[in-house]
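S.K.: Model the full structure from these sequences, guided by the hints.
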Amino acid sequence: MAPIFLEITIIICLAAVLAVVFRFLKQPNILAYILTGVIIGPLGFLSIQNHDFIQTLAEIGITFLLFMLGLEIKLKDLRSIGKVALIISFSQIFFSFLFGYILSLLFGFSIISALYIGICLSFSSTVIVVKLISDKKEVHSLHAKIAIGVLLIEDFLAILVLLFLSGFNTNGPIAISLPKISEITIKGALIFGLVGYASFHVFPRLIEKIAKSTETLFLVSIAWLFGLSAFVNYIGFSAQIGGLLAGLCLANSIANYQIIARAKILRDFFIVIFFVLLGAQMAFS
22 MAPIFLEITI IICLAAVLAV VFRFLKQPNI LAYILTGVII GPLGFLSIQN
72 HDFIQTLAEI GITFLLFMLG LEIKLKDLRS IGKVALIISF SQIFFSFLFG
122 YILSLLFGFS IISALYIGIC LSFSSTVIVV KLISDKKEVH SLHAKIAIGV
172 LLIEDFLAIL VLLFLSGFNT NGPIAISLPK ISEITIKGAL IFGLVGYASF
222 HVFPRLIEKI AKSTETLFLV SIAWLFGLSA FVNYIGFSAQ IGGLLAGLCL
272 ANSIANYQII ARAKILRDFF IVIFFVLLGA QMAFS
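Note that the sequence shown ends on residue 306 in the numbering used here; no numbers are left out.
One or more of the hints may lead you astray.
Derived lysine-lysine pairs resembling DSS-like cross-links, with alpha carbons at most 27 Å apart [what the hints assert, rightly or not]: (1) Lys-47 - Lys-104; (2) Lys-208 - Lys-104; (3) Lys-285 - Lys-230; (4) Lys-285 - Lys-157; (5) Lys-208 - Lys-47; (6) Lys-158 - Lys-47; (7) Lys-285 - Lys-47.
Hints in this document: simulated from the structure, not taken from any laboratory.
M.R.: Following this line, the structure appears as structure tokens:
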């Protein structure tokens, strides 16, 4: 038996057992998956040899999760809550950063370290929030749409912040690369513009022609998901953002719920790997 097959078998079996236990305890499955990772990783139950392969499966899980989220949300829904999402996201980021920065200084960290800690505390985990919203089947609720809008804005701002931090020099002056920030902003605007156009004028007609064959429909949808994710990653954004945009493109088609039904099984499998890997990477020391 190949080592990678054995490792995945142990991961899935342990996660399944803990998921059943946590179901009886009326706790989210996410906690069972993370605990699986803790048992396998920090507690030394299993030493993962094929870490890169497992990491790739985990990234595919995040991409599928956001893809299906995009399939259930139409662009017009995001536009309707845009102003509220902007106010909430900027307020949350500012106050979370300020709290983390001041608290870090009080604990004796340097200004640069406090700055990093404040920034880390100011951004939310898109994957965790989206998974909880999906599990509760509240994707179409108003508070879920606002939360998702806030997370999208935070993800975009996180990219700009990373570019800003790349200009820091702890031994010299701070250099901010305005051309890089401008470039990523223009790229982001163009991508969202193209996605909006394709969502209303390209994919509804295309999906209507191939919807009679569920196999072809699923294959085309997955090809679009991986193709757009790879392209978005190539130009500087994360592949997971590409997954969300791919779902948004298909959300206005007549067969979006058929795609969701077929892709849900793949999402559930790969996302387990992601949360297990998350738990395995914890360092209690």
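S.K.: State for each hint whether it applies.
M.R.: Do the hints match the structure? See the list:
The hinted pair formed by Lys-47 and Lys-104 fails the criterion: a straight-line CA distance of about 36 Å is larger than 27 Å. Restraint check for Lys-208 and Lys-104: the C-alpha separation of about 22 Å stays at or below 27 Å, so the hint holds. Straight-line distance between C-alpha atoms of Lys-285 and Lys-230 comes to about 23 Å, which keeps the hinted pair within the 27 Å bound. Between Lys-285 and Lys-157, the direct Cα distance comes to roughly 15 Å. Compliance with the 27 Å bound is thereby established for this hinted pair.
A hinted pair counts as satisfied when its Cα atoms are at most 27 Å apart, and Lys-208 with Lys-47 does not qualify at roughly 44 Å. A hinted pair counts as satisfied when its Cα atoms are at most 27 Å apart, and Lys-158 with Lys-47 qualifies at roughly 16 Å. A hinted pair counts as satisfied when its Cα atoms are at most 27 Å apart, and Lys-285 with Lys-47 qualifies at roughly 22 Å.
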